[in-house]
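Chemist: As a plain string of letters, each chain reads:
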Amino acid sequence: MTEVDPRMAAEKKPDTTPETITAPEAPAASAMPSGEPATVSAAALAHGGGAWSDFRRRVGGNTGAMIALGVLTFLVLIAAIGPFITPADPNEQNLRAVLLDPFSAGHILGTDQLGRDILSRLIVGTRVSLFAITLALAVAMVIGVPLGFVSGFIGGRFDQLVMRLNDAAMSFPPLLLAIALVGVLGPSLRNAMFAVGILMAPRFLRLVRGVVIGLKEETFVEASRSIGTPTWMIIIRHILPNTLSPLTVAIAVTAGYAMLSEAGLSFLGLGVQPPDASWGSMIREGFLYFGRSPWLGIFPGVLIALTVFTFVTLGDGLRDALGREERTES
Amino acid sequence: MSEPLLEVRDLEVTFSPRKRLFRERVNLRAVDGISFDLTEGETLGLVGESGCGKSTTARGLMRLVEPSGGSVKLEGRELLGLPQKELRTARRDIQMVFQDPYSSLDPSMLVRDSIGEPLDVHVKLGRTERVEKVAELLRRVGLPPEYMTRYPHEFSGGQRQRLTIARAIAADPKILVLDEAVSALDVSTQNQVIGLLEELSTEIGLTYLFIAHDLSVVRHISDRVAVMYLGQIVEHGDAKRVFDSPAHPYTQALLSAVPVPSPLTQRNRERIVLSGDPPDPSRVPPGCRFHTRCRYVMDICRTEVPLATPAIGSGEVACHLHTTGPRLGGSSVRTMGAGIPVRSSREVPA
Amino acid sequence: MTAAPTTPTATDTTLEVENLKVDVLTEKGWATVVDGVSFGVARGETLGIVGESGSGKSVTCLAIAGLMPPGQTRVTADTLRLLEHDLTALSPKEMADIRGPKIAMIFQEPMSSLNPAFTVGDQIAEVLRRHEGLSRKESRKRAIELLDRVGVPSPARRALQYPFEFSGGMRQRVMIAIALACNPDVIVADEPTTALDVTVQAQILELLREIQEEHGMSVIFITHDLGVVADVCDRVLVMYAGQIVEGADLAELFADPQHPYMEGLLAAMPRMDNPSDALVSIPGHPPRVGDMPDGCRFHPRCGYATDACRTDSSPLLERVAPGHTTRCLRHPELTLRGSP
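Protein chains in written order, with the working numbering: chain A, 381 to 710; chain B, 159 to 508; chain C, 404 to 743.
None of these hints come from the bench; they were simulated from the model. Hints are not guaranteed to be accurate.
With the Cβ distance kept under 8 Å, some of the chain B side facing chain C (calculated, not the full set) [to be verified]:
1) Leu413
2) Pro421
3) Asp435
4) Ile470
From the derived model, a few chain B residues whose C-beta atoms are all more than 12 Å from chain C [to be verified]:
5) Arg429
6) Val431
7) Thr467
What follows is a set of in silico ranges between Cβ atoms, one per label pair, in the way DEER data are often shown [stated by the list, open to error]:
8) Ser208/B to Val692/A: 40 to 48 Å
9) Gly239/B to Val692/A: 30 to 38 Å
10) Leu470/C to Glu597/A: 53 to 61 Å
In this text the structure is predicted, and so the values were computed from the model without any measurement. Glycine included, every Cβ here is placed at the ideal spot set by N, Cα and C.
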């Protein structure tokens, strides 16, 4: 996406990409000019470094991820300014113009069974759907990430207890549990996504725990201990930054599932309540008229499919870009 | 004789695997009573085959694994049992370089921050000073200072090992523990790194504990050598003495197994091919640990643990041949036929 | 062995390779990793291929055995003949039928070459059933015999165990048993002892030597350790940056190297028997794939390089003596130090 690219390119400048490194192994220390004063390039000082710029450098080269990121930016933009750009009031009924075909006058994507403008409803539905995803992810991460981190880092009995609870949570059929939770909490989008978030927490817990356990065994963590680095510093410097990449990938992939769950729960009438629109609830409403006006379900369905696809592509792209970098031994 | 810089006495490291259903809990004593001294400025080579406990010794004395017994004194100060906080400051004097140059640098960290880590922990410098110190360290290990804004994956194995050496010497330690530090490198790169280590030891007077399985390399860099087998030191002494007239049958076999890159020498030398694998460290044989593979095995070896006795020339050896074995001209018969024709004449000691 | 490495004239050549090229697909497009390698192996001969990591020695052998992944790699050769088979003309399936009975491989890491889910005996027996058409019972019996032959103690019991119950050295023995199962004409051993301890390495080298004497097969031995080469090989090819830079009989190569790279390698080997020499190293490191220097590929690291070495096209492999070739422009004027 063009609006992201220049920034990426600018960020890449101070960094050197792997391809340009051709400096041979210096023969020995003595080969260096010894009398050279300690001049340090400005770049060395200015370069921010750290995991974040590394992230940008590596993802910037991945076309798939960049396109997905662009689509996502577009969706967020629509969600932000949606209410101001709708061609009509999304909830205004017009019973004299129900189930209009697409490309009718004034309703470019047609109208639904109550004569509401479909394009407008899709636009405001974007915000609802994205809000739903964000809520679910936030809930999932707030529960899963810290618990997984502590569980992996401490290990022992605490870890065993957490993992058994986690297994128990994961063994429930997800949608059924969500329905039960919404049944208790009452049907509303917020409650539905809260339930979805709780259901997704074990994914993050498992992932973060695994990553942390793996990192604890890494030689660079042991090296850090041998240096005498205090534990809190090891966590901040080595463990957290290296948890970030796999976590980012998991967020992108899970967002796709959250989107589907929202659609599913809304379809069952447990999510967003009429007359508000979300893509999932629009499918449910259009479902009854599928024989006569299939586009009622098709338009939101395509959007959901596209968004899920975007998230999955983003996840895959991130996985490729952030995976362990290739060893460059020649 | 000056006070040793590092004094290790009866170091023991025991691993107790988690208790499992239907399986007996077997304590594995990976390091079983190791003692040695490191004098300032010297290089002690610690050799042995995989699983003999040489790396565990290093990790034990660094307290990366908690030893189950013994004592490690750094300049007279006991390290074992030291509370974490004081241990951290003590660690400044004794740093370590690991085998795998790929996994020992954090992939998400700039070279500058990796090398600067000991400075952040022990020295605490201002931003500019820190960058200058890192630049100096890079130059010291033979890399251009510009490399500090790069990531580890951009470097070759040899360059990475230079980086880990730079990190290890950042806070001016007295001792460097090199755990198979050059084993993963190609010969030529390995020699460059060894050259660098030798330079550092003469320039800043570093003391090395050099752990390796490659005996040819150990012979080059070490002043003294200790040979480990199944968690114990079976022989130690001056490098020249140990390599030229090995006293322990295991050392002899080990030396004779190293192929010499010269067809004439290699094909005409006597070879001792040991049978079998080293025994499982959790099921140590009684008596001398080496008796199951030893070609000189005597009855006493199967029951009595041999004690360390002075070896002719220098150091000590733990072998019954030297105390109760057959003698010839006052010395043990096994001193003959060590396997490698060495250019310097190796007379049979009188 | 009187055959010159490039033009084997011996009648009993089991494997003949001429102008082998291997390209691999990298991020920057196709790059040549093996560039015009030619050699022959006589029956009963052990041919060593030495070089640093990345020199193309392993790729050469994987390409010959048809084990390079298609799609990401391209293998071409003027001649690639194993006994009566033209390997360039074989389909992957036909190649798989030849691997085992005609050419067998032994790799560095035996654990990853063995299937952890099957007993060691089953894995040997499977090879026998597939290629020799033995019955279940016969193949089991033969598998135990093979384990016995490669020196695995109590073979009948060990045949029922899984790979993880074997030590590194014992696993390598199992790999040798599998390689031997169909009595191949050529065995390719790719750094078979690099992951092993020296005392175990000595055992495995001894075993390989015995087996070769017994069966008279050709062995291609890939290693970076010149000590191992001195121990087991009859003839040696030295590879650098995807090319053969020198080839000769073992004794001659060590006594009278004709290429500065070989001299450098010999000088760089730390010597147990002569430790007083300071360690020498070849400066710099090998060129990266796809980024070969002009002229002689070794010139940036060569102490004898002149302008001709830098600018002329890559020198050809020249014959300096019967059975001795080198790829060095200056070989007539240079007197290089060996290690007889």
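Chemist: Each hint should be assessed against the structure and marked as holding or not.
Modeler: Verification of the supplied hints:
Satisfaction of the interface hint for Leu413/B is found here, the shortest Cβ-Cβ separation to chain C being roughly 7 Å, below the 8 Å cut-off. Look at Pro421/B: its Cβ gets to within about 4 Å of chain C, closer than 8 Å, so that hint holds up. Interface hint status for Asp435/B: upheld, as the beta-carbon distance to the closest one in chain C is roughly 5 Å, under 8 Å. Interface hint at Ile470/B: violated, since its Cβ lies 20 Å from the closest Cβ of chain C, which is beyond the 8 Å cut-off.
With a least CB separation of 7 Å from chain C, Arg429/B falls inside the 12 Å interface cut-off, contrary to its annotation. Residue placement check: Val431/B does not keep its beta carbon more than 12 Å from all beta carbons of chain C (closest about 5 Å). Interface exclusion of Thr467/B from chain C stands, the closest Cβ pair being 24 Å apart, more than 12 Å. Checked against the hint of 40 to 48 Å, the pair Ser208/B and Val692/A passes, with Cβ atoms roughly 44 Å apart.
Checked against the hint of 30 to 38 Å, the C-beta distance between Gly239/B and Val692/A comes to roughly 54 Å, which is inconsistent with it. One distance hint, 53 to 61 Å for the beta-carbon pair Leu470/C and Glu597/A, is violated here, with the actual separation near 32 Å.
Comparing the model with each numbered hint stated earlier shows that hints 4, 5, 6, 9 and 10 do not hold.
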